[in-house]
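Protein sequence lines correspond, in order, to chains A and B.
Taking the numbering used here, the leading residue of the first sequence gets 343, the next gets one more, and so forth.
Taking the numbering used here, the leading residue of the second sequence gets 50, the next gets one more, and so forth.
Worth flagging that the hints you see were computed from the coordinates, not collected in a lab.
A few of these clues could be false.
Simulated DEER-style distance windows between Cβ atoms [to be verified]:
| id | chain 1 | residue 1 | chain 2 | residue 2 | range |
| --- | --- | --- | --- | --- | --- |
| 1 | A | R505 | B | G203 | 42 to 52 Å |
| 2 | A | D412 | B | A99 | 42 to 52 Å |
| 3 | A | A644 | B | P169 | 18 to 28 Å |
| 4 | A | E709 | B | F166 | 51 to 61 Å |
| 5 | A | A644 | B | K55 | 21 to 31 Å |
| 6 | B | F166 | A | E417 | 35 to 45 Å |
| 7 | B | P169 | A | G344 | 30 to 40 Å |
| 8 | B | S211 | A | K657 | 34 to 44 Å |
| 9 | B | Y98 | A | R432 | 42 to 52 Å |
| 10 | A | S610 | B | D161 | 47 to 57 Å |
Straight-line alpha carbon distances no greater than 20 Å define the calculated EDC-like cross-link-like pairs of lysine to aspartate or glutamate that follow [to be verified]:
| id | chain 1 | residue 1 | chain 2 | residue 2 |
| --- | --- | --- | --- | --- |
| 11 | B | K197 | A | E359 |
| 12 | A | K428 | A | E387 |
| 13 | A | K411 | B | D79 |
| 14 | B | K218 | A | E359 |
| 15 | B | K218 | A | D664 |
| 16 | A | K498 | A | D396 |
| 17 | B | K218 | A | E612 |
| 18 | A | K498 | A | E359 |
Computed from a prediction, not measured in an experiment: that's the story for all the values here.
The beta carbon of each residue, even a glycine, is placed where N, CA and C say it ideally should be.
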Amino acid sequence: MGRTLFDKVWNDHVVRELPGRNALIFIDRIVLYELLGPPAIDQIEEQYDGALYDASRIIAVNDHVAPAKDTVTAELAQQLRTWAKKRNVRMYDVGQNGICHVLVPERGHVLPGSTLVCSDSHTCTIGAFGAFAFGIGSTALAGAMLASAVIVVRPKVMRITVRGRLQNDATAKDLALAVIAQLGFKGGTGYVLEYAGDGIAALSMEERMTLCNMAIEAGATTGMCPVDETTISYLRGREFSPAGEEFERAASDWRTLTADADATYDASLEIDAAKLVPTVTWGTNPGESVPLTGSIPRDADAASLAYMGLHAGTKMRDIGLDQAFIGSCTNARITDLRAAAAVLAGRRVSIPTIVTPGSQAVKRQAEAEGLHDIFQDAGALWTHSSCGACPGLSTGVLAPEMRCISSSNRNFPGRMGAGGRVHLASPIVVAASAVMGRIASPSELSSAVPA
Amino acid sequence: MILEGKLFPVDRANVDTDQIIPTRFLGAVDAAGLGAYCLGGLPGIETLYAAHPDATLVVARENFGAGSSREHAVWALQARGFRAVIAPSFARIFEENAYNNAFVLATIAPDDVDSVFAAPSARIDVAEQTLALPGGKSIHFTLDPLRKEFLLGGGFLAYMASQVESIRKWETTVH
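Isolated chain A, as found in the complex (with noise of 0.2 Å):
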């Protein structure tokens, strides 16, 4: 019987089935961070002498509040720094971060066919290079630790199939909100989000890391999209990717990192990339959206709209902003930042705006391409790399009922600030609506008078 690409990952590194639908599964690569990393820590040192199974297969990065904003942060920022020295632990400190999802692939730290966890939700990105990485809790990372491997419910497969090309204004962000949409806030809850097809071939790198980003939006346990040589292409050159004959004789085994032609899923689902077009949330999950150009609906959630401070039948363009963010491990990467740039050359926001890059190697990328120069002459603020205003910690914190469009991936309740009220939307969506100060897209602003 033909395997899915889950399937052979997960059988790669099935040590031993358990009661249930339970199993043992090895775990090629941790990482943690200084907000939920270190309960974890705690754990290992005070229950087992700080054991580590393998302190190279660990990576400790300093990246939710980076730097530190107060003593509360700064103490738990220290105290992963001092375990990381202690246990010879790699560990990328203030200066040299980056979000963690963007950082471990950005350095080679994943490899196609591999398995990786970490102390937060988002870990799911990381299933866009074919590695079935997903977010577990600190009890669960102090056990990934001790013993390199993870108890996992074997998840079911559903299969996405994405046809044709997005177009019109139409990102890698919108496909996401799209999936989110037609699943349900819960409704992959129990899978694995296999992606197929050529809508996603013709992805690049960092748009199938923000798809497979946003899974645990719609509940499911990760994102998975096939191997190809996009993937093999970025991971070629890497700091930490195989190198030379070893990385081509890698390489020639991740190209079977494919589902097989015969392989049988759980369930599928299939979308036309080509109608997709740009989409914003109007409530408080990811999974309350609408097209730009549309309304609220008149059957949406009395609750989210209360807590919104927005109305049924009410045009998604006429709801005006107090700030915009452009950022988070969804939407910060380099090709974000350029398009978002190029929406806003020549341009002036007319509300608080924030650029936070994704890591500080993106952030000198962008400044090589004087996109530093574009976002600051267009008024916006251009801040140092962290996770930012996303976990409504530092860097744009929103008052209650502020209302902020933002590149992120949760509008929950309270998310970047309590009583704060999130739209989210694609990094160019975020951008022109920067500029009008109301939810916009990028072809209102020809007719807009630039400044």
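Could you slot chain B onto chain A? The hints should help.
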């Protein structure tokens, strides 16, 4: 393990982890201190606490615990004095975190949820996987067999530690 108490009705679907414990409290207080902020991001929570001051069993709608991997969501519920959550479905990471902390989640059929919301209290028998309501209604709930062992006996991390040798052997011979 028998859990008996008054019900705390959270009549919302998709209660996400940011609502259960807002990000700004992570690391700011120890696990015991999280109780003061439990469900702090849920609109209308003060009214709910005032109306149900001594409730210990949460009942909620579908997809409870969606979102982030923060185990603090479970710790906050425990620190607040809650002993279980009853809902038709839970998000994966939240569910794993609950089991790893021996915190009971009772997954019941969607058709049974309204009757739990209508009841003032409930009695959960984890070993039997039953949820009994006053008046005699008894509802079966599902529980993963392996996680049930961790729930009743604890020891998730001890189990992982006990596997290290066999995992090393697997790694060298198979992988």
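* For R505 of chain A and G203 of chain B, compare the CB-CB distance with the range 42 to 52 Å and indicate the outcome. => holds, 49 Å
* **Given hint E612 of chain A paired with K218 of chain B - CA-CA distance at most 20 Å** => Distance of about 42 Å is beyond 20 Å: violated.
* Asked: Given the proposed pairing of K197 of chain B with E359 of chain A, does the C-alpha separation stay at or below 20 Å?
  -> Distance of about 16 Å is within 20 Å: holds.
* To do: For D412 of chain A and A99 of chain B, compare the CB-CB distance with the range 42 to 52 Å and indicate the outcome.
  => Check failed, 31 Å falls outside 42 to 52 Å.
* **Range hint compliance [Cβ, E709 of chain A to F166 of chain B, 51 to 61 Å]** => For F166 of chain B against E709 of chain A, whose Cβ atoms are near 56 Å apart, the range 51 to 61 Å holds.
* Could you grab the alpha-carbon distance between K498 of chain A and D396 of chain A and see if it respects the 20 Å cut-off? => Violated, at about 30 Å.
* Honestly, do Y98 of chain B and R432 of chain A meet the 42 to 52 Å range at C-beta? -> Once the Cβ atoms are compared, 45 Å apart, the range 42 to 52 Å for R432 of chain A and Y98 of chain B holds.
* When you take the CB atoms of F166 of chain B and E417 of chain A, is the distance between them in 35 to 45 Å? -> Distance hint for F166 of chain B, E417 of chain A holds at roughly 42 Å.
* Asked: Are the Cα positions of K428 of chain A and E387 of chain A separated by 20 Å at most?
  -> Between K428 of chain A and E387 of chain A the Cα gap is close to 11 Å, so the pair holds against 20 Å.
* **C-beta pair S610 of chain A, D161 of chain B: status relative to the range 47 to 57 Å that was hinted** => For D161 of chain B against S610 of chain A, whose Cβ atoms are near 30 Å apart, the range 47 to 57 Å is violated.
* Asked: Between K411 of chain A and D79 of chain B, is the straight-line Cα distance small enough, at 20 Å or below?
  -> With a Cα-Cα distance of about 19 Å, the restraint between K411 of chain A and D79 of chain B holds, given a limit of 20 Å.
* Asked: Does the hinted range 21 to 31 Å hold for A644 of chain A and K55 of chain B at CB?
  -> With a Cβ separation near 27 Å, A644 of chain A and K55 of chain B satisfy 21 to 31 Å, so the hint holds.
In summary, the structure is inconsistent with hints 2, 7, 8, 10, 15, 16 and 17 from the numbered list given earlier, while agreeing with the others.
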